[in-house]
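If you're matching them up, the sequences are chains A and B in order.
For the first sequence, the positions run 1 to 204 when this note's numbering is used.
For the second sequence, the positions run 1 to 285 when this note's numbering is used.
Do not take every clue at face value.
To be verified - Keeping only pairs whose Cα atoms sit at most 27 angstroms apart, straight-line, the calculated BS3-like set for lysine-lysine is:
#1 A:32 - A:49
#2 A:91 - A:192
#3 A:49 - A:91
#4 A:90 - A:192
#5 A:49 - B:35
#6 A:159 - A:32
#7 A:197 - B:35
#8 A:192 - B:130
#9 A:32 - A:90
#10 A:32 - A:197
#11 A:197 - B:130
#12 A:192 - A:32
#13 A:153 - A:49
#14 A:153 - A:91
#15 B:213 - B:58
#16 A:49 - A:192
#17 A:197 - A:63
#18 A:90 - A:63
#19 B:35 - B:213
#20 A:91 - B:213
#21 B:130 - A:159
#22 A:63 - A:49
#23 A:32 - A:63
#24 A:49 - B:54
#25 A:91 - A:63
#26 B:58 - A:197
#27 A:90 - A:159
#28 A:32 - B:35
#29 B:130 - A:90
#30 A:90 - A:197
#31 A:153 - A:32
#32 B:213 - B:54
#33 B:54 - A:197
Said to hold, decoys possible - Away from chain A, derived, C-beta distances all over 10 angstroms, residues of chain B:
#34 181
#35 210
#36 211
#37 215
Because the hints were derived from the structure by calculation, they are not lab data.
Yeah, the Cβ is synthetic: ideal placement off N, Cα and C, and Gly gets one too.
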Amino acid sequence: MFKRFIQLMLLCFAVSASAQASAGVAPDALIKGVTDDVLTTLRNDAAIKGGDARRAADLVETKVLPHFNFMRMTALAVGRDWRTASAEQKKQLSDEFRTLLVRTYSNALTSYRDQTVEFRPFRMAASDTDVTVRTQINQPGARPIPIDYALEKQDSGWKVYDVIVAGVSLVTNYRETFSSEIRAGGVDGLLKTLRAKNATTASK
Amino acid sequence: MTNMKNQKTTGLRPALVAVVAASLLAGCATSGNPKDPIEGFNRAMFSFNETVDKAVIKPVAQGYDAITPRPVQTGVSNFFANIADLWIGFNNLVQGKPGEALSDVSRVLINTTIGIVGLFDVASEMGLEKHDEDFGQTLGRWGVGDGAYVVLPIFGPRTLRDTGGFLVDITVDPVANHEPVDVRNVALGLRAIDTRASLLPAESAIDAAALDKYAYVRDAYLQRRRSLIHDGNPPREVEDMSYAPNENLLTMVPIESTWTFMLVGAPATGNVDTPVVAALNTAQH
C-alpha cells in the first residue's frame with residue numbers, strides 16, 4: 001500500500017515536472033541547452049570548421065532561431081520609427097532583419113576554434129518576465145568575450161530579443177543606420193537597403 | 001613619443017593632407033547625428049584608414065598570423081598585456097577601485113616572475129581576472145562626457161574624451177618610452193601587428209553584419225566604450241516603444257563643455273558613479 005502511494009507520488013511529480021518543462025524551461029537553462037547543443041555540433045562538424053557558412057546557417061535555423069523573437073528584435077533595432085510602419089512592413093522588415101542576423105551569426109560560427117562557454121551566476125525572481133543571462137567565451141591566450149542574452153517571457157516560453165557581445169548590442173547597434181535610412185527613404189527605403197544587402201551576402 | 005608619431009605618419013602625410021582637404025572641401029556631409037557632428041571628415045578618415053589597412057597593415061598581420069605558431073602568438077600577446085597591466089592598475093586605483101588595482105599589480109608580479117617576463121598569463125589561471133582600463137575610461141568615470149565622435153588617422157575611432165585619454169595613455173606607455181630607440185620601434189611594430197592579428201576573425205562578421213560599415217563601427221565603438229566605462233554593467237537604455245528621440249542628448253555634454261571638463265578636470269553631470277560611490281560599491285562586495 002505504502003509502496004503504491006510512493007509510486008503514485010513519483011508519477012505525479014514526473015507528470016508535473018514534464019508539464020513544467022513544456023510550459024517553459026528557465027531562461028538560463030534554455031541558453032545553456034542551446035549553447036551546449038550548438039557547441040557539440042560545431043566540435044564535430046568539419047564542414048563548418050572549414051568555413052561552410054550555409055551549413056552553419058542550417059544549424060542556426062534549426063537549433064537557435066526557434067528561441068528568438070524577431071519581431072521584438074526588429075522593433076528594438078528600428079526604434080521609434082517602428083510605430084510608423086504598417087503591419088505588412090513590420091513583417092517584411094523582421095524577415096529581412098532575420099536573414100541578416102542569421103548570416104552574421106553563421107559567419108561568426110565558422111570562425112569557431114576551441115573556445116569554451118562559461119555561464120555566469122544567474123538569479124531571477126519567479127515573477128520576472130524580462131531577464132539577462134550572462135555568459136562568456138573563454139579562448140586560450142585571449143581575454144574572455146562576454147556575451148549576454150536578453151530574454152522575455154511569452155506564452156510559448158522564454159524568447160531571446162537581444163544579444164550583447166562585449167557590451168555591444170547586435171540589435172540596437174543598427175538603430176542609427178536604420179533611422180537614417182528611414183529618414184532618407186521611408187520604411188520602404190530601409191526595406192530596399194536590407195534586401196540589397198541580403199542579396200549581396202547571399203551571392204558570396 | 002613625438003618621434004614615434006612622426007615616423008608612423010611621415011610617409012602617409014601627403015595622402016593624409018589630401019584626405020583632410022577633400023573632406024573639408026566636400027563640406028561636412030552630416031546626417032545630423034548629434035554624436036557625430038564632423039561625420040563628413042570622419043567618413044573620409046575612415047576610408048583612408050581602411051585603404052591603409054588593406055594595403056599594408058592587414059597583409060602584414062595576416063602574414064604574421066600565418067607564419068607564427070599559436071603558442072608564440074599567445075606569448076607575444078601576453079607579454080604586452082603584462083606590461084599594460086601596471087597602467088590598468090593605476091587607472092583602477094584613480095577610479096576608486098582599490099581591489100581591482102591590487103589585483104592588477106598582483107597580476108604583474110605573478111606574470112613577470114612565475115609567468116616568465118609575462119609570456120604566460122599564470123595570474124588568469126589563478127583566478128586574477130584581466131581588466132580593461134585606460135585613461136579615457138577613467139575620465140568617463142570621473143564624469144567627463146563622450147564629446148564628439150572622431151576617427152583618428154591610423155589609430156581609428158575615438159571620442160573627444162577618449163582622444164584626450166589616449167594622449168595620456170601613449171605618453172606614459174612603457175613600450176613607447178623604451179630605450180634604445182630601435183628596440184622600441186621593433187616592440188611597437190610587433191605590438192601593433194599582434195593587436196591587428198587578433199582582430200582578424202571579427203572582421204568578416206562585421207562585413208556580414210553592416211549595412212553601412214562606417215556607422216556600424218562607430219555605433220559599436222560608442223556602445224563598447226559605454227559598457228567599458230561601467231565595467232560591463234551599463235545602466236539599461238530606454239526601451240524600444242518608449243524610446244525617446246535622441247535620448248542620448250540627455251546624457252551628452254556639448255563638445256565645448258567637454259573640452260572645458262578635460263582642461264579643468266571638473267566632475268560633471270552624467271550617470272556615471274563618482275569614485276566615492278564606486279569605492280562604496282566595491283567595499284560592499
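Evaluated hints:
no.	hint	in the structure
1	A:32 - A:49	holds (22 angstroms)
2	A:91 - A:192	holds (14 angstroms)
3	A:49 - A:91	violated (33 angstroms)
4	A:90 - A:192	holds (13 angstroms)
5	A:49 - B:35	violated (39 angstroms)
6	A:159 - A:32	holds (14 angstroms)
7	A:197 - B:35	holds (26 angstroms)
8	A:192 - B:130	violated (44 angstroms)
9	A:32 - A:90	violated (31 angstroms)
10	A:32 - A:197	violated (32 angstroms)
11	A:197 - B:130	violated (38 angstroms)
12	A:192 - A:32	violated (36 angstroms)
13	A:153 - A:49	violated (34 angstroms)
14	A:153 - A:91	holds (21 angstroms)
15	B:213 - B:58	holds (17 angstroms)
16	A:49 - A:192	violated (33 angstroms)
17	A:197 - A:63	holds (25 angstroms)
18	A:90 - A:63	holds (24 angstroms)
19	B:35 - B:213	holds (17 angstroms)
20	A:91 - B:213	holds (25 angstroms)
21	B:130 - A:159	violated (32 angstroms)
22	A:63 - A:49	holds (17 angstroms)
23	A:32 - A:63	holds (12 angstroms)
24	A:49 - B:54	holds (25 angstroms)
25	A:91 - A:63	holds (22 angstroms)
26	B:58 - A:197	holds (25 angstroms)
27	A:90 - A:159	holds (19 angstroms)
28	A:32 - B:35	violated (37 angstroms)
29	B:130 - A:90	violated (43 angstroms)
30	A:90 - A:197	holds (18 angstroms)
31	A:153 - A:32	holds (17 angstroms)
32	B:213 - B:54	holds (15 angstroms)
33	B:54 - A:197	holds (22 angstroms)
34	181	holds (29 angstroms)
35	210	violated (8 angstroms)
36	211	violated (5 angstroms)
37	215	violated (5 angstroms)
This entry does not satisfy hints 3, 5, 8, 9, 10, 11, 12, 13, 16, 21, 28, 29, 35, 36 and 37, going by the numbered hints stated previously.
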